[in-house]
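> Residue numbers (the numbering used here), protein chains in the order written: chain A, 24 to 245; chain B, 89 to 480.
Hints were generated in silico from the structure; no laboratory data involved.
Think of the CB as a built atom: it goes at the ideal place given N, C-alpha and C, for glycine as much as any other residue.
Incorrect hints may appear among the rest.
What the hints assert, rightly or not - If you anchor each label on the Cβ, the simulated ranges turn out as follows:
hint : chain 1 : residue 1 : chain 2 : residue 2 : range
1    : B       : T355      : A       : S151      : 20 to 26 Å
2    : A       : S49       : B       : S368      : 35 to 41 Å
3    : A       : N29       : B       : R469      : 39 to 45 Å
4    : B       : I417      : A       : N195      : 54 to 60 Å
Stated by the list, open to error - Covered by chain A, per the in silico footprint, the following chain B stretches (three or more residues, Cβ under 8 Å):
hint : region
5    : 282-290
6    : 380-386
Said to hold, decoys possible - Simulated crosslink set (DSS-like; lysine-lysine; CA at most 27 Å straight-line):
hint : chain 1 : residue 1 : chain 2 : residue 2
7    : A       : K162      : B       : K255
8    : A       : K212      : A       : K144
9    : B       : K373      : A       : K80
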Amino acid sequence: MIQLQNITKNYDITKREQVIALDRVSLSIKEGQCVVLKGASGSGKSSVLSLIAGLSKPTSGSVMVDGKNIAKLSDNFASKFRLENIGFVFQRYNLIPSLDVYHNIITPLVPLNLTDEEIQKRVQRVLSLFHIESKRDIKVKNLSGGEQQRVAIARAYINNPKIILADEPTANLDKKLSLEFIEIIERLKEEGSTIVIATHDPLFFGLECVDCEIELQNGKRV
Amino acid sequence: MWKKIINLHLVEYAIAALLRQKSKTVFIVTIFVSLISLLLSFFFIVNSIKYELSLTEDTLPQIILQNQKMGRVSDIDTALVDDLLQLEGVTDVQARVWGYYYFSNQDIYFTLVGIDSFENIYKKGFTLFRDSDELEKDVIYIGDGVEKLFSKSYYKDFFNFVTPDLKVVKLNIAGVFKAENRLESNDVIVMSKANARKVFGLDDEKATDIALWIANPKEIDTIAQKLKQLYPTYKVITHDDIVLGYEKLFNYKSGVFLVLFIVTLFTFFMIIYEKMSGMSSQERKEVGILKAIGWSIDDIIKEKFYEAWLVAFFSYLLGVVIAFFYVYILNAPFLRNIFLDSNDYAQQFELPFIVDLQTLFLVFFLSVPLYLASVIIPAWRVATLDADEVMR
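All chains, full assembly: derive it from the sequences and hints.
Have a look at this one:
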């Protein structure tokens, strides 16, 4: 399903200075698998997620998702690909604080111009799936960290994506809420989603639902 | 069908985005509305005054002959009228008696016009005389502005004019006229020529100037030339000279004002551009999030377009309404004094309601598309960056 082949990713710091985020990394993830990318901060985990989502392009190598080379998609096609295939859960949730839960969740649906009935149907499904029905009209800035996390997951899942990418999803959560998140991940895996989690949280290591752990160190696969 | 063309969810998102940044939105709308309303008020006033001036032009004589002494206009001999009537092409000649009368109570000048009942010079403009014979009696007809100033000094039924040799000429106020051209007639007092001569201390065989009407307007210049040869010491003014004089003064004032406005408008867009191009880190991050969750560059630009369009169009409409209200209901206080004399007449003169679609379109195209560009271009620049770079 996901194949990274000999990926190198450099970021320009200045015109003359570059940092190597990924150095000839290859990996393969099958459909329906849950994979944990582990490693210290700056090891290149987030860069891998960005490449899989088509948010950035590799300096060299190829990123194949469902047989498509994501790295070669134009910006608009990459957006369409994300809209249809990817649900992204960010480290700091990246919700719009002044909007309520409902409007945050439907943000990915806006470009699709769906009917109101279809939107309601989808929203109801994710609100119920992640147990946040009662929070629907509350502004997210007034929610707890765990609740915000669930809203972020609901937003990522609203389009029923094949792949869920989560970047340090428990970095801002306590242990109880982190365990709740893991339960959600298990549920999503049962629903058939392919899940890639970038984390250095030990809670994820050795989990039953995790099919594979990939360790990165200084941009290289260990 | 239209729901497919316009994505209402995107419009809804744009409205929510504007409401999220209330203070910024209010700031931009306030500046935008102020500028649109000021610019439109300026154009509305200009159009109204131009309309009034065009009415004035119609009532002007085709040639005016003035006597001069020491470079100043002096009284002219009425005996010349018969000689001038002999000139080929001249259809009518009138010795006009008119001038300014200083009203010390209000520190203001009235325009006194003497007319005879048989004259048709002013009839075109002043159509509301009840009975022209009444002018032969000791009465005056006054313009709107004069009436208001008279009543301030408690002159309701009559007015006492003081002649240069300090005699008092008491004339009854027979009525108020509302002439077609209010700009010109507002400060006018009409009386018989005999009374006007008394007030000005002018001899019976003297007049202020002589007005000539020509059968064929194409011959005006030729006849003017002939008059200059016949009366080399007299000043000959043609209809075009008078109109040009009005326009020169008026265009100068409006030109200076327009330049000031263009500079202001340009500054406004520089501020807006500066504000928008330096999109806040929060806004840049939002663009990055939207891209990350699947919005395309087109979607982001469309959303920004709706945001900008809502602000610009709402501000434009509000600006138009305010300008209409300010100019035609409130009669443009303060701003009108830039174009009109800042005396009490000008304040009492009501600007005629003239709707010029060209002006509305001009201001629209001068402001709205520029604002749209100043919002969309920076948003496009951010949207074309890699999303992870924007969020970093």
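> All the hints need checking, so say for each whether the structure fits it.
These are the hints, each one checked on the structure:
At roughly 54 Å, the beta carbons of B/T355 and A/S151 sit outside the given window of 20 to 26 Å. The given range of 35 to 41 Å is respected by A/S49 and B/S368, whose C-beta atoms sit roughly 39 Å from each other. Look at A/N29 against B/R469: about 32 Å separates their beta carbons, and that is not inside 39 to 45 Å. At about 58 Å, the beta-carbon gap between B/I417 and A/N195 stays in the expected band of 54 to 60 Å.
Against chain A, the region 282-290 of chain B contributes 0 residues with a C-beta closer than 8 Å to a partner C-beta. That does not satisfy the three-residue criterion, and the hint is violated. Requiring three or more residues with a Cβ within less than 8 Å of a Cβ of chain A, the coverage given for the region 380-386 of chain B holds, as 7 such residues are present. This hinted pair does not check out: A/K162 and B/K255 have alpha carbons roughly 85 Å apart, beyond 27 Å. Taken as a hint, the A/K212 and A/K144 pair is honoured in the structure, with Cα atoms around 22 Å apart against an allowance of 27 Å.
Only pairs whose Cα atoms come within 27 Å are accepted, and B/K373 paired with A/K80 is accepted, the gap being roughly 19 Å.
In the structure shown, a violation is registered for the earlier hints numbered 1, 3, 5, 7, in ascending order.
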